[in-house]
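Visitor: So the chains spell out like this:
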Amino acid sequence: MTTTDAPKAAPPPTGKRRMGDVVFAGTARGSGILILLILAGVAAFLIVQAWPSLAANTANFLTSQEWEANVRESPAFGVGALAFGTVLAAAIALLLATPVAIGIALFIVYYAPRRLASLLGYLVDLLAAIPSVVYGLWGIGFLAPQLVPVYEGMTRYLGWIPLFAGPASTSARTILTAGVVLAVMILPIITAMSRDVFHQVPQGHREAALAMGATRWEMIRLAVLPFGKSGIVGGAMLGMGRALGETMAVAMILSPSLAVSWNLLQSGNQTIAGHIALQYPEATGYGVSALIAAGLVLFAITLVVNMGARYVVARGNKES
Amino acid sequence: MSLTTTPPPGPGMSATANDLRRGSLPHHFPALLLAATAAVVAGVLLAFSSFGFVLWGLLTAVAYTVIVVTASARVEGGRKARDRLVTSLVYGCFLLAMLPLVSVLWTVLGNGLARFDPYFLSVSMNGVLPSMDAGGAYHAIVGTLAITGMATLISVPIGVMTAVYLVEYAEGRMKRTIMFFVDVMTGIPSIVAGLFVVALWIILFGPGATNGAAGAISLAVLMIPVVVRSSEEMLRLVPQDLREASYALGVPKWRTITKVVLPTSAAGLTTGIMLAIARVIGETAPLILTAGSSAVSINWNLFDGQMMSLPVFIYSQVRMGGAVNYERAWAAALTLILVVMLLFFLARMIGRLFAPKAR
Amino acid sequence: MAKRIDVSGLNVYYGDFKAVEDVSMTIEPRSVTAFIGSSGCGKSTFLRTLNRMHEVTPGARAEGKVLLDDLDVYGPDVDPVMVRSEVGMVFQKANPFPTMSIYDNVIAGARLNNRRMSRSEADELVERSLRGANLWEEVKDRLNKPGSGLSGGQQQRLCIARATAVKPSVLLMDEPCSALDPISTLAIEDLIHQLKEDYTIVIVTHNMQQAARVSDRTAFFNLSAPGKPGRLVEMGETNQMFTRPEKKETENYITGRFG
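Chains as they are written, first to last, in the UniProt record's numbering: chain Y, 1 to 320; chain A, 1 to 359; chain E, 1 to 259.
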């Protein structure tokens, strides 16, 4: 293609330069295509390796709550309970993190002193720099013991709500604790997306609100939040994608288990990612293949959520 | 001035004059109130000898908000009170987010210092029983350097060249496709990247093959999209004039890119790459699956056998569960955080000091 | 409703930079006052100090006195929010809220002060404001459509309706026609003529014909030298300013011999 076009456009003085252009452009293009191949490879290898266990599975893979995969014949396993735990943990994280993230973004863009704003922004970004395994360590080594009395108090006063029914776990290593840690981890993502969109609110809209006598909050309500809605939703969904796939914090806080429970203060739930990390070292027989199948489900869920997020953000950008 | 006679104030007029001035709290009221509330709450907590910084902060914030909103509602009216309430909440959100940051850094520092010494950094766990008061993280540091180094060597050329392709060459559908799939790749959960390499390795080398190279490839899968996105952004900052000036001199495109575009954005590219390294250097889950979690000795060979890394070291020590194991885990966490923070700040400094003045 | 504005010794700063120096003037109620002058001479900056909108720009501050009738806008216990509901503003670029309908745009400001406005009160206010802005006939059948669907001139009149719905006594207009075609400009100028029955109107314009057409009094701003603060050169009856200006500087500007 390039070789047929080049002589027509501008005949290069020497053949050597044209070679350089062809090789360099080819390398750049090749890198782009390699990325597509890697991604295709991720999907393909996961499917190929998941297939043996899925074919041999005697239980319903999507709904079953058992995990009898470490056998040489007729395994029975499913991701029912794990998918429930995954979504529950991510939902808790999202519910806790989104309002706080919006508040932080508003603070940095509209409330903090100008000179400090970018510095304070870095501090929030630092939350994203802390490795997840350190969050996990902090979760079991520091946060969970602090939460034990809090959970006891919650069962005493809020125990009539099934979510908080007693008796509370004595170690506080429960799905709520995991959700709190996940919330901290996804805070920077949602904050960053909200900040970006708040920065983009046209000055005209903000001034229009202020000029008719709006207070700062009324200006935010009239001009900023309606404009930023899609960015906030997109950011929340990206955060959810991260929370769904987050492994270490969950694997370290929750113990291996396969229950489906709405109770947030008792142990029992586990997520797909946590399950894979905990089970992998002991997997035998069909075990590894079954875990790869579970990973495929996780991949699919996060893919859908992330693509949804991009779609929401892109549509919002088009509208404005 | 020409205005010598003021018209007698009509009834409507004095009403609006009142309106403009309708009560407002003194300018320093919030600051004084905050100080007073903080002092009173501290006093009460000390009196009941249950002082804690978090509790103190929380109670002060709540009491301050309640008082300031009530006072404002009385003096300034509902709209102003709502504004003050939101201001308090917004400040509160930020402080709330600082709580875990400070807490994580504080606990890691407090617990990690006990074992964080030259001995810990220079010996491995070879021949050390898990419960013995000995051993260190040297083998994990070696593994982290080797694995992350190889992952960087893989992802930087692919990532930067893809960014060059996207910014300088690609058009139409191909460009959109690659950009879309880079976005998709950004969202791959780290454990799925690990499983991918597990699946690949089973096909290539049979079941149970774990080594550092596998870990490096799984990290590269996570790192490539980050490098692409940040490099793309940096390359786009290079002014079009520079490229055109170079073309006008008869310099071919590829020389223009390697001699003008890439050097101009070098600082930005470096910042992006360092942030990408900082992101993957703490990855744990894919390494448990690919490089193993039970290596105890120093292993520089990426292609031969299990390889420990700092994050996996933390995890495996926690799984052992003894007091000494936790001490090792905290010390390793301190090491890891120091490395990450160092990368993070160096990256920001480079970005700030050498950024092209494009804006 | 309309009020007199009395400015004395006003200085405006952006950080350390003094943008406007020592301006004193009286703006008569129920009249149109035009501010003219070259770009960057501080006339828009000065306009924004009249309702304390300059405070929105970080680092901007003003010294001096701005009396609205006999109340100092910069008085110690005066809330800028209340000032702005008394002194409304229309901007260079029409800026209706994109997510709101035409109806909601008009009522947005009035709702802030009166949350429990009844449906019929609101309907009436919307109709009155839109009629006042000469827009009612054009939009009465699509009040629930987004305001961003209107033409540029209609959007600008919608913004005027939105500003008057708050019932201010002064309307500030910052080059309201500079983004509009001649026909829409004419519609706005007609509207300004009608509005001066009820409001004190201050308009910043780049277009001297426009100043001559719409205003009763004109104020000419200029920089004393490049990089120096802007100041008020001369102010007087529009007729006189355009035919027999007192200062040479004004004459040069008006006759196009500027420099």
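Since the hints were derived computationally from the structure, they do not count as laboratory data. None of the values given here were measured: they were computed from a predicted structure. Worth double-checking, as some hints may not be accurate.
BS3-like mimics (lysine-lysine), calculated; alpha carbons at most 25 Å apart, straight line [as the list claims (entries may be wrong)]:
id: 1; chain 1: A; residue 1: Lys175; chain 2: A; residue 2: Lys253
id: 2; chain 1: Y; residue 1: Lys229; chain 2: E; residue 2: Lys140
id: 3; chain 1: E; residue 1: Lys18; chain 2: Y; residue 2: Lys229
id: 4; chain 1: A; residue 1: Lys175; chain 2: A; residue 2: Lys259
id: 5; chain 1: E; residue 1: Lys196; chain 2: E; residue 2: Lys247
id: 6; chain 1: E; residue 1: Lys18; chain 2: E; residue 2: Lys65
Sample of chain A residues facing chain Y (criterion: CB under 10 Å; computed from the structure) [unchecked claim]:
id: 7; residue: Ala42
id: 8; residue: Val44
id: 9; residue: Ala97
id: 10; residue: Pro100
id: 11; residue: Phe196
id: 12; residue: Ile203
id: 13; residue: Thr264
id: 14; residue: Pro286
id: 15; residue: Ser297
Ideal Cβ placement from N, Cα and C applies to all residues, glycine included.
Visitor: Each hint: holds or not?
Guide: Here is how each hint holds up against the structure:
{"no.": "1", "hint": "A:Lys175 / A:Lys253", "result": "holds, 19 Å"}
{"no.": "2", "hint": "Y:Lys229 / E:Lys140", "result": "violated, 29 Å"}
{"no.": "3", "hint": "E:Lys18 / Y:Lys229", "result": "violated, 39 Å"}
{"no.": "4", "hint": "A:Lys175 / A:Lys259", "result": "holds, 24 Å"}
{"no.": "5", "hint": "E:Lys196 / E:Lys247", "result": "violated, 28 Å"}
{"no.": "6", "hint": "E:Lys18 / E:Lys65", "result": "holds, 16 Å"}
{"no.": "7", "hint": "Ala42", "result": "violated, 21 Å"}
{"no.": "8", "hint": "Val44", "result": "violated, 20 Å"}
{"no.": "9", "hint": "Ala97", "result": "holds, 5 Å"}
{"no.": "10", "hint": "Pro100", "result": "holds, 4 Å"}
{"no.": "11", "hint": "Phe196", "result": "holds, 4 Å"}
{"no.": "12", "hint": "Ile203", "result": "holds, 7 Å"}
{"no.": "13", "hint": "Thr264", "result": "violated, 17 Å"}
{"no.": "14", "hint": "Pro286", "result": "holds, 9 Å"}
{"no.": "15", "hint": "Ser297", "result": "violated, 18 Å"}
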